[in-house]
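Colleague: So the chains spell out like this:
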Amino acid sequence: LISNPVPSATAVARQWFLARDDLDSLIQALRKSGRKVIGPTVHDGAIVLDEIESAAELPAGLRDDQSAGQYRLAERNDDRLFGYTVGPTSWKRFTFPAKLTISTSHRTNFGFDQPADDPPELAFLGVRACEIAALGIQDRVFLGGPFTDEDFRARRKAALIVAVQCTTWSGTCFCSSMGTGPEVRSGYDILLTEIEDGFVMQAGSPAGASIVAHLPTRKPTHAETGAAVDSVEAVRTALGEPLPMKGIDERLKHQLDNPRWGVVAERCVECGNCTMSCPTCFCTSVVERSDMEGKVSTTDRLWDSCFDVNFARVAGGDFRARPRDRYRQWLTHKFSSWMDQFGTFGCVGCGRCITWCPVRIDVREELEAIAPVIQPIDRPVAVEPAAASPGAYSIARLAAVKEETEDTTTLTLTDLDPAFLAGRPGQFVMIAEPGFPAVPISISRFRSTGIDLTIRAVGPTSTALDNLHPGAKVGLRGPLGTFWPIEDAYGRHAVVVAGGVGMAPLRGLVDALVADRDRFECVSLYYGSRTPEDQLFRDDLRAWAAGKAIDVAVTVDRAGPEWKGRVGVVTTLFDTMDCDCARITAFVVGPERMMQASVQSLISKGVPPERIMVSMERHMECGIGLCGHCQTGPFFVCKDGPVFRLSELGDLYVREGI
Amino acid sequence: MASTGRTVRPRVAVAKFASCDGCQLTLLDLEEQLLEIVTRFDIVEFPEATSRHSPGPYDVVFVEGSISAPEHLDQIKALRKQTRLLVTIGACATAGGIQALRNLADHDAFRAAIYEHPEWIESLATATPVSEHVKVDAELRGCPIDGNQLLELLTAVLVGRRPQIREEAVCRECKRKSIVCMVVARGEPCMGPMTVDGCGALCPSYGRGCYGCFGPRTGVNAKAWAAGLQRSGRPPEEVWRLFAGFTGYAEPFRTVLTELGTAKK
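Here the protein sequences line up with chains A and B, keeping their order. If you count the first sequence from 1, position 657 lands on 657 in the working numbering, and the numbers rise without skipping. If you count the second sequence from 1, position 145 lands on 145 in the working numbering, and the numbers rise without skipping.
If we strip away everything but chain A, and leave its shape as in the complex, we get:
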């Protein structure tokens, strides 16, 4: 490996000040030492890296505004020489040429010759922190294993590095997320930090120090060294909260089947510009050229790209035949398998793949959508149940009874233990009437002084409960179980999917979404029932639709002539979704088949399985994980659920007989 200069503590302590007008003395000193100076200069509307002969060729007083698929130069209101970030060229062009003749072969005088020219002595002026990291990554790739690239080694050794601290940032920078910047800490021979009138300089190697010794420097003031530190720190602050890259390599390994690969591949044109602009991408192909007789041939190595349609092709076919395969290969290599191969990410956060993507694909957004950090569901039950163990009941009074459908009734209970009022949407209670076994019923609404339970009369207890009159007393245990992780939908599109009486455990959720509407990008409710007569909460549906805070769409499986609305299963409503499905957090409850169909449809549209919440119905008797009835794989649905994240359930969910 190239031993990157690591500045000693005394060297770092030693600082100089060079006036901006004197920067040319540095360039001339580098040239005098026999080096070509490669530095930033303006060409065709961008700041590229090319040979420069004087400081006059540097992009004085310019900044670069960058966003996905867009790069524009603009005037700064000062005369800084390094007041921009990284441009289309990366330094790999000079250590790892885009086209390199690697051998010449002869038939007559049979043999293969390798070029033996020494590479030019270069000085790289203006290398940023992310780019020093990129050179280090290519060191590992080309020099870290048993087989090495000696051309790279020679070019790398022949380059003197004059680093520049970033004192500005662009919209596509994310070095602080990748841990590569913004500050340069090592890997330089000379380090410049541009401040108001010039540069604070440090030397990171004897070669660097000997150059600095020839310059018209002076000792910097405390104000100058302080300004240098502050300006880099300001960039870190401006870059904001780092992206959650910790563990992304592992997370991606579980997302190889994520439908988002197909979604992004529909936008991708496979030009390969991301890989060609990338400072670490190292894939190449060789091409042969020969004279007409085939007596002398030349082998050239060219930068290639894993997006090339022929990149993984063999005689019998293509191992990565689909665009989605190739996009997945690139992204998982950068952020996952590179770590396995070389011990680092293959990304330094320079943002070139974002800026120079002509169709504006932002790798940060793709990572967030494909392998988001999922906080585990907030498991602790918000409130200690008023009563939990079978046999111990808290008493509540029936305040009101409302018939919802022919067989379903909503009971409003009051005069109950405050613990019930502190429950959360998604939780349930065990309710009992003397003489009848307790049944689990989800809480369908939280009121200031009571709770609603919506009960379909299907067994002896539920029938008895539905026949109660106001004033009657019931026994309650709870609130029990997990609740909807509403926070997961903050800033996202909350989609509530209800089927039949599954609307009951979702009504409290919709109440909460409406109450906190500003926290969500949008809120949609899709509700399907067998017939119009089977719809629950018709008054609420009407009020929600009229309130316009949320979108409400309802459908029925079959209807009489008086029904003017949609007919069809609930998944047919999804066709009206008009949003980026990766930004959806879905909450789904209904009959098992309806839930499975809904979940499959959501996944196929690109909703990540981590963002799909389901509430499971199982046989429950105790409600606290002791009786064993509701076991599903590793879970007790009563205690570990009923609300689950689909990704937790994995293929348990779609498998029958579990």
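FYI, nobody ran anything at the bench for these hints, they're computed from the structure. Each statement offered as a hint is correct.
List of simulated lysine-lysine pairs, DSS-like, C-alpha gap at most 30 Å:
id : chain 1 : residue 1 : chain 2 : residue 2
1  : A       : Lys605    : A       : Lys564
2  : A       : Lys99     : A       : Lys32
3  : B       : Lys77     : B       : Lys16
4  : A       : Lys639    : A       : Lys473
5  : A       : Lys402    : A       : Lys548
6  : A       : Lys157    : A       : Lys36
7  : B       : Lys135    : B       : Lys81
8  : A       : Lys605    : A       : Lys253
9  : A       : Lys402    : A       : Lys564
10 : B       : Lys177    : A       : Lys157
11 : B       : Lys177    : A       : Lys32
12 : B       : Lys177    : B       : Lys223
13 : A       : Lys295    : B       : Lys177
14 : B       : Lys177    : A       : Lys36
15 : B       : Lys223    : A       : Lys605
16 : A       : Lys99     : B       : Lys177
17 : A       : Lys605    : A       : Lys548
18 : A       : Lys473    : A       : Lys402
DEER-style ranges, computed between Cβ atoms:
id : chain 1 : residue 1 : chain 2 : residue 2 : range
19 : A       : Leu73     : B       : Gln164    : 37 to 45 Å
20 : A       : Ser54     : B       : Gln164    : 37 to 45 Å
21 : B       : Asp106    : A       : Val567    : 41 to 49 Å
22 : A       : Lys295    : B       : Asn148    : 14 to 22 Å
23 : B       : Asp106    : A       : Pro244    : 52 to 60 Å
Just so it is clear, the structure is predicted and the values come from calculations on it, not from any experiment. In this text, a Cβ means the ideal position worked out from N, Cα and C, and glycines have one as well.
Chain A is fixed; fit chain B onto it per the hints.
Modeller: Frame of chain A; chain B shown alone:
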């Protein structure tokens, strides 16, 4: 072909259909290699260079131009029968060329708009690539073709191997040559992401967007680029014109044109 050696030179012919002759000129433009080429190949038919005619069979025929007139239909089939390696050259022969734009329009109306006596003009309603009519052994794309690719093909014929012609985006060559992307840095349209390279990013290196004359890469996501151009503010008419250039009749550009055309109506 290696066995043909020097004594029996491969018989090469150049044939022309509806075209401007620019691709044939590329052969003449290989000035430095011309002597070697005529030493190693017997060029028996070459309308741009000689009035000499020789009947077939031929070892290699370079076919320029699209099938555009009624008599072309029989001519190309006859030529194929006499030819061992039929190589189409240029956008017209490989994709129909600029004249294939009529395939997307009303041919009779075109004729009536241009010619005083349209009834004297005998042309087919469509201009089509040679491959729609006969088997093609190799193709060289572009308007005009690239001299180096032609030389590589001739070399491959002599050496007896497959020509090494890469199929990658023009963007790839732009990046290797450090040409700043005009789409990103200047907001100018370019067909580079769609188009197979072969020219060495010729137009972009002179600051112009790629015209797509080498045609679409295999399986290229043309819809995405049409959408991307429109997202960045290009009206559908302009996107239509970009895709409709020299190779608009080639799939998947043709599908994009059809869809954009429908959208306009």
